[in-house]
Each structure stands twice: as structure tokens, then as C-alpha cells.
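**Q** With these hints in hand, go ahead and build the complete structure from the sequences.
As given, the protein sequences belong to chains A and B, one line each in that order. 555 is the number of the first residue of the first sequence in my numbering; add one for each residue after it. 4 is the number of the first residue of the second sequence in my numbering; add one for each residue after it.
What the hints contain is simulated information worked out from the structure, not anything from laboratory work. Any given hint could be a false lead.
[What the hints assert, rightly or not] Cross-link-like lysine-lysine pairs, in silico, BS3-like; alpha carbons within 30 Å at most:
(1) 777/A with 653/A
(2) 1009/A with 160/B
(3) 48/B with 739/A
(4) 795/A with 739/A
(5) 978/A with 48/B
(6) 653/A with 801/A
(7) 933/A with 655/A
(8) 653/A with 89/B
(9) 795/A with 933/A
(10) 51/B with 739/A
(11) 933/A with 777/A
(12) 655/A with 742/A
(13) 1009/A with 795/A
(14) 777/A with 89/B
(15) 933/A with 739/A
(16) 742/A with 89/B
(17) 978/A with 739/A
(18) 801/A with 89/B
(19) 933/A with 653/A
(20) 655/A with 835/A
(21) 795/A with 653/A
(22) 653/A with 835/A
(23) 835/A with 801/A
(24) 739/A with 89/B
(25) 1009/A with 48/B
(26) 51/B with 1009/A
Letter by letter, the chains look like this.
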Amino acid sequence: MDTLLSGLQILAQWQVLAALVIGSIGGVVIGALPGVGPAVAIAILLPATFAFEPIVGLSLLLGIYGSSMYGGAIPAILINTPGTPANALTTYDGYPMTKRKEGHRALSLAYTASFFGGIFSVICLILLAPLLALVAPHFGSREIFLAAFMGILLVVVAHRGQTFAAGMLACFGIFLNTVGLEPVKYTKRFTFDQTWLSSGFDLIVVVLGLFALSQAFLLLIEKDHAPGEAHVQGNMLSGMKELLGIKRIATVSSSLGVLMGMIPGVGEFTAQFLSYTYAQKSSKTPDAFGNGSPEGLVASEAANNAVPGAAMIPLLALGIPGEALTAMMLSVFYVHNVIPGPQLFETQLDFVMALYLALILLNVIVLVFLLFSTNLLLKIIQIPTRFLGMMILILSFIGVYSLRNSITDCAIAAGFGVLGLILKRLNLPIVPIILGMVLGGIMEVKLRAAMAAVKTPIDFISRPIAAIIFVMIIGILVLHIRTLIREQKAKQKPEPVGPDYEHSSQQG
Amino acid sequence: MTHIKYFQELFQRYRRPGDLVFAVVFLVFALFLLSQLGEQTKWVKRTKWFGQPSLWPSIAVWGMVIFGAFHLLGSMVSPRIYGRLKEIMFWLRSLEYVVYFLAYVAIVPLAGYLPSTILFALFLTLRAGFHRPQHLAFSLLFAVCVPLIFRGFLQVKIPAGEIYQHLPDALRAFALTYL
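**A** Shown next, in the form of C-alpha cells:
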């Protein structure tokens, strides 16, 4: 109770509240704009947040992360264009409802399901916090190494049909992290005697290039188009009553969102896929799925909104980001010399509580904002895409240049921008590169530290938590191979061939 | 024949135009890094394997080569969708905007953040095909707001333009701090 009150005190600062309001509302607008995801916004704002207190910077970024999917549901439902990639599944049932003149009902359901998912996940986290505080100190170097390895493994196998691409890009990320002067033996790695390579590749420069600059280039080159006009009328809270009628699906979907969010390397797509499949299989009207089923809509929106809160768990408790957005947030901690990990739960539980309470507050702010501003947002999203590209390019400059005022950084970011554009065009995943960079660094440090206390290979997994993670890693591998064999036996290809079946590999 | 068909099915996936080119370039790059592994990383004496500076670069580069080879194989056995050249031209078109971006980066320390941003925004707006006065006005508004918010209000680290030194005294201090 004391930590909760202490967390409230941290949150009660005006700077934190202002950051939360700006982040939440900004996140909704960004999420609603097709072509600008939360990853682009977070990448751009990241260096600007370094000047703030960690809690202020994180509140701003968390606001964007947690609210973008609310906004993304609006164009997904009304104009069949997902605002963020995590809203893609929402179009399946949301848009058919709009075509049936039930756009208001669909939006209202999406908002309330998102709110339910968001609040559900934070309540789970608050209840789990004491348990995490108990378990987290048992995570030593070998456990964190194994968890980071599991994160890499999951991000590779989670890209079904693109496992090899995800693998090579994750390894490319690990490679990028090794370039430069290594800090233990002071040897140079892949610097080719170039001074600009000696300091290595900065994560933020790479992130800005891959997410923000690439998107700017893409929007500026592609044919200009602006989302169509739409209008919606009625009370947006009316979906609350309908949601109570399908609370089982909302609860299971939110639980899956929490579970998938907690596991590094998984995230919104898997959570949505599992909850949508569950909802369809357990529904009395499975045929309605894909044709405007309220249950499908709730499954998709409740699951994706439960993820951001849960994704903070591996980040805060172990210092392991599960996906690109939390990987970016990790740098906010590093800049302020706050190292997230087990000790954070031991010594600064009030800080963790403040973040959880911030998540609750952001869900309330967003819901209230959306009740009055949906039609305003529908006007804002009509910005032509090329114009949006110009805006992103100008904003990206601040992110890269303000880091070190380095023209070299800008050139490197531009290079990664072109790489990001190619990957997006080929629908190859970008996230493995970022996770490879972050988790690769963690694995290198933790393996070195862990092996000092290991005499025989079995020592590495002799502690209970290490053994559990090791069994999970083996389980993931076995399950993946079994799935591949089953698919092959059933004459199903790992990824159905043909444009109609292709899904986006991009996150954020 | 059955074996070949089975093999093809095992690695087949949906591929977009240009996939093969990217797969080849990536593998060649990975092989180049592999060839440089001994030269560009060191194996240090009196240090165990887990502390070797070359351990993680080796893991990463070998991973890139192995996964990259399988990715290329998958690309080769998958049905081709035509439009490779058009796609590569699309990639190359991004270089035009890279040049504009780097020119903007080079101009900021000279001309100052606010003037450079106004010029860059107006140029990009025209280049993107927006010639109507309201588009240019909106672009101008955006280009003024961004420096004022980020440099003026949030005090983000962006150097003052050299050109500001030539401003009258009353305006110079303000411009050096806020614009």
C-alpha cells in the first residue's frame, strides 16, 4: 500500500501528468494516421526525452505506445485502413460492420474493448508486482542470458514463413552491436580502420533510420493518397453494455495479451492471432468472423491493448525488451544511468508502480478524449501521405542530429533508412534487427559474467529459474519443428503462397 | 522428382519482386564479413572462449551466412512475381531524398535551424507535388512550429546557425538561444 501511495506521489508531478496527457493524445493522433506508427513517433521523440527526468520521458513514450492502438482502430473500422499494423485484424470485422451501417457500434465496441484490455493488463501487473519483486532477484547473469536468448529465438520463430529472413536479420542486429571498440579487451571489431566506425552503431541512429526515415522516404516516393472521408454519430460509450455480453472473450483475449506481452519477442500479432482463433472456435456464430462479428472485433482490440502494459514486465524486471518499442524505451533508462533489472523491483518499486498507474491514467485520458474527438481525428487523418512524409523527414532530423550533432550519424541513419525502405517493400521484418542489437549486447555481457561461476556446462542450468527457461527454450524449438512437420505432412506450406494470404511483417 | 518437389515445397514462400536481389546482396555481404572475420576481430591470448572479442561477431556473421543462404534458397524455389527492375528503381529513387536530407543536415549549422527548416519544408512540399497556396502555408506553419517547439521550448541540442552572428544585437541573443 505504501508503494502504491509513493507511486501516486511520483505521478502527481505536473511534468509527469503533462507528459502523459501529451503522449496519450499524441499517440491517438499518431495511431490514427495510416503510415505513422508509434515506432516512428517514439524514435523521433526519444532523444528529446533524454533531457527530462526518466519518469517524465517514459510517461511520454508510454503514452504514445499505449494509446496508438486506440487511434489505429478508427481508420481500420471506418475506412478499412489500419492506423497501426496491430490494428490490421480489426479491419476484418470492423469494416464489414461499417458497411452494414454499424460503424458507430463497431467503434464504440473497439474503444471499450481496448479500454478493457488496457485496464485488465495493468490490474494484472499490479497484482503480479509483489510476485515479480520476489522472483526478480533470483535472476542472475545466466538466467538473464537465457531469457535474452529465448527472446531472440522467439522473434525468429514467431515470423512464420519468414524464419530464415528473421534469423539473418536478427544476426545482422547482433553483428551491428559488435562493431567498434569493445570495452573489455579494447580491441577493434569490424572498424576497417575507419574512425567513424570506432564508436560503433548507436541504437537510436539505427532505430530512427529503420523506422522513421524509411517511412518518410516510402511516403514521399509512393503515389500520394489521402484516406477517404468518414463521419460517425452517437454516444461512444454505448459499446460498454454490449461488451458486458461478450465479457468472456474480452477477458480471455486480454489475458492472452498479457501473457504474450510478457514473453520477449512475441507481442501484439501473436496475442491477436491466438485470441481471434479462440474467439472464433468458441463462438456460436463462427461463420460471422471476418464478416463483421462483434466478437472478432473485441478479441482483436482487447488483445492488442493488453500488450503494452505487459511488455513493460521483461523490460523493468529483467532489463530485456520484448519488442522494438520497449527496446527504444530501454535507452531512456540507460541515458539516466537507471539500469532496469531485478534491483529495480527491490529498490524502486514505487517507480514501477508509478509507471503502472500512468498506464491506467492514460487509458482513461484516451477514452475520454475519444468520446469527444473521433470526428476531429477523422479530419486530421486526411493529410495526404506525401505531406506526412515531409513532416516525418523534418522531425526525424531532430532525433538523429540532436544526439551528438553529428553529420555522420545522419548519414548512417539515412543509410538505414534506405535499408528499412527495402525491407518494408519486401515485407521483411525490421524488428529482429533492433532486438538483435539490444539482446545481442545483453547476451555478450551476461554470458561473460555468468561463465565466471560455471565449471561444467550443466552448472549453467543448475539453478531452478535457469532450468525452467532452458526447458522453455527446448520446448519452443520442439514445438516449432513439430508445427513445421505437421504443416508439411498436411501438404500446407509454412506461409500460404499468394498475395491474398500475405500479412504484414512490420511492427509499430 | 518427388524429392525435388518436396524440397521445393519445404522452402517455398511468398516473395515480392526484388526479393532475390536482396537475398543475393545480403548473402554476398555476409560472406564478405566472414572473409574479414580473422582480420577485423582478434583472438586474445590467456582469455577463455566466452571472453574472446571475436566470439559474438563470429556467431553473428556465421548466423547471417547460414540464415542468409537458406533465405536465398527459399527465394530461388518460390514462384516469381515479375517487376524486379521496377522495384529496384523504386529503391534507388529513395537516394534522391537521402541527398535532400543530407543537404538539410549540412545547411542547419550555417543557416540556422529555423531558416533551414522553412526552406527544406517548402522545397519538399513543392517537390512532392503540392503547389496550392494552402499547402505551402501549412508547410510554412509546420516549419516554424517545429524549431520553436524543439529548440526554443524543449531546448533540444541543435547548434545555432553561423548566420545568426550577423544579426542585429537585439535579435542575435534571441536567435542564438531559441531559433
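**Q** Hint by hint, say whether it matches the structure.
**A** Quick rundown of the hints versus the structure:
1. 777/A with 653/A: Answer holds: residue 777/A to residue 653/A is near 26 Å, not above 30 Å.
2. 1009/A with 160/B: violated, 49 Å
3. 48/B with 739/A: holds, 11 Å
4. 795/A with 739/A: violated, 63 Å
5. 978/A with 48/B: violated, 43 Å
6. 653/A with 801/A: holds, 25 Å
7. 933/A with 655/A: The hint holds at about 20 Å.
8. 653/A with 89/B: With Cα atoms ~36 Å apart, residue 653/A and residue 89/B exceed 30 Å; violated.
9. 795/A with 933/A: Measuring from Cα to Cα gives roughly 28 Å; hence the hint holds.
10. 51/B with 739/A: Since the Cα atoms of residue 51/B and residue 739/A sit roughly 12 Å apart, the hinted pair holds (cutoff 30 Å).
11. 933/A with 777/A: holds, 21 Å
12. 655/A with 742/A: violated, 63 Å
13. 1009/A with 795/A: violated, 61 Å
14. 777/A with 89/B: It holds: about 14 Å lies between the C-alpha atoms, which stays within 30 Å.
15. 933/A with 739/A: Between residue 933/A and residue 739/A the Cα gap is close to 57 Å, so the pair fails against 30 Å, i.e. violated.
16. 742/A with 89/B: violated, 40 Å
17. 978/A with 739/A: violated, 38 Å
18. 801/A with 89/B: Violated, at about 50 Å.
19. 933/A with 653/A: This hinted pair holds, its Cα atoms lying about 20 Å apart.
20. 655/A with 835/A: It holds: about 26 Å lies between the C-alpha atoms, which stays within 30 Å.
21. 795/A with 653/A: With Cα atoms ~22 Å apart, residue 795/A and residue 653/A stay inside 30 Å; holds.
22. 653/A with 835/A: holds, 25 Å
23. 835/A with 801/A: Cα-Cα ~16 Å, so holds.
24. 739/A with 89/B: violated, 48 Å
25. 1009/A with 48/B: holds, 20 Å
26. 51/B with 1009/A: holds, 12 Å
The structure shown violates the earlier hints numbered 2, 4, 5, 8, 12, 13, 15, 16, 17, 18 and 24.
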